[in-house]
Each structure stands twice: as structure tokens, then as C-alpha cells.
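Protein chains in written order, with this note's numbering: chain A, 1 to 421; chain B, 1 to 184.
Watch out, some of these pointers could steer you wrong.
Claimed, not checked - Computed spacing ranges between beta-carbons, pair by pair: (1) Asp329(A) to Glu171(B): 36 to 44 Å; (2) Glu207(A) to Arg96(B): 31 to 39 Å; (3) Asp62(A) to Ala165(B): 46 to 54 Å; (4) Phe354(A) to Glu155(B): 23 to 31 Å; (5) Pro73(B) to Arg160(A): 27 to 35 Å.
Claimed, not checked - Examples of chain B residues lying across from chain A (beta carbon under 7 Å, computed): (6) Phe86; (7) Asp90; (8) Lys92; (9) Leu130.
Everything labelled a hint here was simulated from the structure, so no lab data went into it. Even for Gly, the Cβ is constructed at its ideal location relative to N, Cα and C.
Each chain, letter by letter, is given below.
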Amino acid sequence: MSGVARAGLTIDIIGGVDAAQPIAVVPFGWQGPAMNPPQDIAEIISNDLRRSGLFAPLSRSDMLSRPQDGTQINYRDWRLLGTSSLVIGRMTAADEQYTIQFQLFDVNRETQLVGYSFTVQEKELRRIAHQISDIIYETLTGDKGAFNTRMAYITSKVWRTNNVRYYALYVADVDGHNPQLVIRSRHPIMSPSWSPDGRKLAYVSFENRRSMIFVQDIFTAERRRVAGFKGINGAPAWSPDGTRLAMSLSKDGNSELYVMHVASGKLQRLTDHRAIDTEPSWSPDGRNIVFTSDRGGKPQIYQVSSHGGKPKRLTFEGRYNAKPTYSPDGKRIAMVTAQNGDFRIAVLELDSGFVQILTKSRLDESPSFAPNGSMIIYATEYLSRGVLAAVSVDGRVQQRIALDEDGDAREPAWGPFLTTK
Amino acid sequence: MNALTRSLAVLLPVVMLWGCTTTPSPVDTDATAGGDAAMTMGDGMADSGMGEGIEVGGVQGAGEFAGDPLQDPNSMLAKRTVYFDFDKSDVKSEAREIIEAHARYLSANPSVSIVVEGHADERGTREYNLSLGERRAKAVQQVMSLLGVSNSQLELVSYGEERPAAMGHDEDAWAMNRRVEFIY
Chain A
1 MSGVARAGLT IDIIGGVDAA QPIAVVPFGW QGPAMNPPQD IAEIISNDLR RSGLFAPLSR
61 SDMLSRPQDG TQINYRDWRL LGTSSLVIGR MTAADEQYTI QFQLFDVNRE TQLVGYSFTV
121 QEKELRRIAH QISDIIYETL TGDKGAFNTR MAYITSKVWR TNNVRYYALY VADVDGHNPQ
181 LVIRSRHPIM SPSWSPDGRK LAYVSFENRR SMIFVQDIFT AERRRVAGFK GINGAPAWSP
241 DGTRLAMSLS KDGNSELYVM HVASGKLQRL TDHRAIDTEP SWSPDGRNIV FTSDRGGKPQ
301 IYQVSSHGGK PKRLTFEGRY NAKPTYSPDG KRIAMVTAQN GDFRIAVLEL DSGFVQILTK
361 SRLDESPSFA PNGSMIIYAT EYLSRGVLAA VSVDGRVQQR IALDEDGDAR EPAWGPFLTT
421 K
Chain B
1 MNALTRSLAV LLPVVMLWGC TTTPSPVDTD ATAGGDAAMT MGDGMADSGM GEGIEVGGVQ
61 GAGEFAGDPL QDPNSMLAKR TVYFDFDKSD VKSEAREIIE AHARYLSANP SVSIVVEGHA
121 DERGTREYNL SLGERRAKAV QQVMSLLGVS NSQLELVSYG EERPAAMGHD EDAWAMNRRV
181 EFIY
């Protein structure tokens with residue numbers, strides 16, 4: 001089984017943003033009671049676009065002018081700066097309501113590509129900025145943007161007041177802002193998984209002194225235990241239709257994969273092997289499950305039909321490949337791969353078997369795709385702390401995600417597209 | 001030199017006297033204490049944890065620990081952690097001696113049960129490490145059951161990499177974290 005070799009290249013990406021599209025997002029005009037607007041909309045948009053790896057926003061200090069409406073644009077200046085796209089906007093405030101207008105221009109053709117106006121309350125301003133980023137992204141790339149989405153993640157920190165370590169599950173905007181507590185515990189919490197409608201999280205909690213799987217509605221905080229069998233209850237993963245959870249249970253001897261019908265609690269066993277079988281991830285069409293198994297002696301990635309059957313090995317390079325997760329188009333899987341003792345995020349092309357390593361640190365783990373497949377968030381170590389980071393799916397742009405909380409952050413899980421009213 | 005011999009001559013009888021008078025009538029104990037001593041005593045333990053119903057004899061003369069072997073800092077039973085290699089669950093030879101000591105104690109005290117807690121270092125993925133921690137705990141359980149410990153005396157729990165013993169991010173810390181702990 002492990003004797004089968006497969007040709008495949010492993011490439012390290014060395015950064016650089018040469019292929020990124022130049023764009024300028026001019027600071028938005030402001031009319032309101034305060035000296036400065038409560039949010040710098042243009043900066044939020046610039047950061048979103050830069051993080052995608054597809055855009056290189058012009059620095060403000062390089063801007064020759066700061067137009068606030070179409071008549072003020074000197075296209076020649078922007079062409080001189082090599083800017084092909086230009087975003088301008090205005091924000092006004094009255095009676096606690098904020099009106100934001102923005103326009104996107106094609107500098108070379110000197111035409112407006114898109115323009116919108118929104119009226120919202122102050123707490124919605126960041127969300128509107130992310131929606132504008134989504135509109136710009138979709139207009140210029142043809143793909144849906146995923147900036148107005150959320151992530152779940154785990155934190156672990158020792159409270160100074162009582163010197164006790166607490167574990168918490170948070171949901172925040174995917175740029176790290178607006179963290180909201182889902183659950184906090186003195187016992188470890190791990191492995192958050194989003195339901196496809198973005199309403200529920202499945203996760204593992206040790207509150208009963210061993211691992212058990214819970215499902216919680218993130219809006220009502222209603223929670224229930226779905227798996228508390230003897231042994232390990234771990235690695236919950238929602239099916240794409242939201243009716244089932246794949247999981248790893250050791251109730252029958254050692255870690256095996258099962259699929260649970262959530263409403264009835266009915267279990268179907270998928271694997272039967274004395275090795276470890278864990279970390280399931282569903283293909284977007286729900287037909288297959290990829291998972292980690294060391295049945296070949298070392299942890300590698302396998303695929304099995306979601307109805308069971310004979311697993312097929314997918315990874316052959318390297319001594320440690322684990323925690324696979326399907327891309328939204330089902331063509332790739334992201335995973336953790338060991339390289340000379342360092343753990344990195346890699347992407348495997350399922351058709352070709354081609355593996356590309358995307359990250360460069362020592363302890364990278366828990367990759368999670370954006371719902372549009374453009375980026376991957378993951379956990380890494382920086383200055384001896386656990387932090388979250390994002391990498392564009394081509395590996396060109398990496399950045400750390402700043403969080404308000406101190407302590408360690410880990411296990412980011414990128415949520416689905418938000419269905420807006 | 002002279003001073004030392006003199007003081008030893010004074011001290012020794014005192015130690016012996018203490019050993020004779022305060023040890024509650026030892027029955028058939030041997031010098032290494034541990035499981036053999038406990039085996040002949042006691043009728044099980046109370047829920048409070050340990051000690052009740054067990055009387056273990058100290059040894060005449062040499063000043064060894066007199067009390068429950070679980071409390072003896074020089075006993076193998078004082079060692080409550082065994083360590084593993086990366087991504088491995090094979091019980092290493094240095095761990096075997098510790099596991100055997102606990103196994104002897106447990107088979108001599110069938111009413112005592114312990115938690116066997118498996119852990120992993122932070123390298124690799126979290127759920128795989130959760131399973132790896134369980135596999136390590138099971139490897140220890142297997143050795144113990146070969147030595148006569150009933151599975152009902154062992155509660156197996158894995159914390160994976162979620163509860164490290166050492167907080168660093170280097171091999172020194174990782175070596176401390178790849179472990180199985182015995183919790184009495």
C-alpha cells in the first residue's frame with residue numbers, strides 16, 4: 001500500500017505580488033458631526049483587497065489627488081501612477097444614520113464600472129465596507145467576493161485575575177474584527193465546524209472531562225450534546241446539506257469515521273481499521289469524505305465514499321499529511337504537511353496529484369478555505385504565540401490576522417457566505 | 001572524620017528507636033515496600049482517595065519511608081508520567097519499570113481505579129493528536145492488563161495536544177508533552 005510512488009512536484013512559494021492588479025482606493029469624503037468618520041471605509045476596503053493577493057492597493061502617500069466624486073478625477077494622473085482601477089466615495093451622517101456612496105472606475109477607459117449607495121447605522125459600517133470590497137472584487141475578477149463573511153476560532157489564555165486557563169470559541173469577521181463569544185470553558189474546546197447555513201457550530205468540548213461533540217446555535221446560544229460515547233468523540237464536520245455530521249469516534253475500539261444523522265442521532269460507520277481514522281471533510285457534492293489515517297504507517301490523506309466502502313489513498317509524498325479540507329469547487333484539498341520537521345499548509349490538486357506548499361513557518365495547521373476558494377486561513381506560531389494567518393490560494397500573499405484578544409488563537413474555520421436579507 | 005563517626009553513633013540508635021515504636025505492626029513487609037508490602041495489607045481504599053484501610057510497614061533501622069507507597073517519594077509509584085517518541089505509542093524501556101510498579105500496586109489493590117491520561121506534543125494536527133493520545137493511553141493499558149490489572153480499574157482519557165505540561169515550542173517542551181499520566 002505504501003509502496004506505491006507517484007510523481008509529483010513540491011514547490012515553495014517565495015512571496016512577491018507582481019501579478020496583483022494595481023488599484024487605488026481614495027479616502028472617502030466625510031460630512032458629519034464629528035471631525036473624523038467612525039470608520040475609515042477606504043482603508044478597510046484596501047486591506048480586504050490586498051489580503052486577497054489579487055490586488056495591490058496604491059499607498060495614500062503616492063496619491064496625487066483625492067477625488068470624492070466623478071467630476072474631480074484626473075485620469076491621466078492615475079494612469080501615470082499605473083493604476084488601472086479607482087475607487088472613490090463619500091460618507092455623510094445625519095440622525096445616527098450613515099449614507100455611504102462609492103464608485104468604481106476603469107482608469108484606461110475613463111468609465112464607471114459600478115456604483116452604489118447604502119444607508120446604515122454605525123455598527124454596520126465595517127460590514128458595508130466588506131460588502132463594497134465584495135462588489136469591487138466580483139466586478140474586477142468575475143468571482144464572488146468573500147470579505148463579508150465570518151470565521152470561528154478557539155482561544156486559550158490564562159486570566160491574570162485568578163491564574164486559571166480558559167478556552168473559548170469565538171466568531172469574528174474574517175478580518176479579525178467584531179469578535180463575539182460563543183462559549184468559554186476551563187476545559188479545552190476544539191475543532192469548530194460551521195453548518196452550511198452559517199447558523200450553527202459543531203465543536204468538541206472537554207467540559208465532562210473528556211472529548212464530546214456539541215452543536216450550538218450561534219444566535220440563540222441553544223446547545224446540545226450530539227456525541228458522548230465511550231472514548232474519543234472528535235472531529236465533527238457538517239455535510240454540505242446540513243443534515244449529517246461526519247465524526248471520529250473510538251467507541252468501538254479505536255478512532256473510526258462515522259456519519260451521524262443529526263436530527264435522529266442515527267450513526268453509520270464508514271471505516272474499520274486498527275489505525276487512526278480522523279479529521280473527515282466532505283466533498284462539496286456530499287459524495288466523498290477525505291480524512292487522515294495512519295493505516296499505511298504514517299498519517300496520510302485518504303478518500304472514502306460518504307456511504308462507506310474501500311478508502312483510496314491520495315497523498316504519497318512526505319511522512320506526514322493530515323487534516324485535509326476540500327476547496328469549495330471540490331478540485332483541491334488543503335492539508336497540513338511536514339517538511340524537514342516543519343509543519344506547513346499545502347494544497348493538493350486532485351486531478352494531477354500536484355502538491356504546492358503555501359506557507360513557510362514551523363507550526364502551521366488547521367487550514368480552512370474561503371467560501372469562494374480564493375484564500376485559506378490557518379493557525380501558526382508567531383513570537384511564541386498561537387496566531388491566525390491568511391494566505392492567498394496561490395501562496396503569493398500571506399498575512400497575519402490581528403485579534404483583539406491576547407493569548408493563543410487557533411483552529412480558524414471560515415464560515416459560509418452570509419445570506420443577507 | 002572523628003566528628004562524623006561520633007554523630008552517627010549518636011543518631012543511629014535514635015532512628016532505630018523511632019522506626020520500632022511508631023511503625024504500626026508491620027506484617028511480612030520487605031525492604032522495597034511498594035506493591036508487595038501493600039498486597040498483604042488493607043481491604044481496599046475509601047473514596048477519599050488513598051490510605052484508608054492500608055497500613056504499610058516501614059523497615060527496621062534504615063529510616064525508609066513508612067506509609068502508603070503512593071506517598072513515598074522514592075518509590076517508583078511517585079513517578080506518574082511516562083514519555084513517548086514523536087508520533088509513536090510504543091512503550092519505551094524506561095517507561096516499562098514505572099508502568100510495572102503501578103500495575104503491581106493496582107493488581108494488589110483491585111478496588112483502586114485511576115485515570116490513564118494520554119497526551120501529544122503540539123506538532124501535527126489536533127484531532128490526529130487526540131487519537132494519538134488515546135493510542136498511547138491504550139498502549140499503557142495493554143501493558144498493565146498483561147500484568148493483571150483489570151480494565152475496570154483504568155479510565156482512559158486523551159487530551160491530545162490540548163493540555164501541554166510544558167509551554168515551550170522546542171524539543172525540550174515537546175518531549176515533556178508526549179506523555180501518559182497516571183491520575184490517582
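Checked hints:
1. Asp329(A) to Glu171(B): 36 to 44 Å: holds, 40 Å
2. Glu207(A) to Arg96(B): 31 to 39 Å: holds, 34 Å
3. Asp62(A) to Ala165(B): 46 to 54 Å: holds, 52 Å
4. Phe354(A) to Glu155(B): 23 to 31 Å: violated, 46 Å
5. Pro73(B) to Arg160(A): 27 to 35 Å: With Cβ atoms ~33 Å apart, the hint holds.
6. Phe86: Interface hint status for phenylalanine 86(B): violated (9 Å vs cutoff 7 Å).
7. Asp90: violated, 13 Å
8. Lys92: violated, 19 Å
9. Leu130: holds, 5 Å
Hints 4, 6, 7, 8, counting from the list given before, are not met by this structure.
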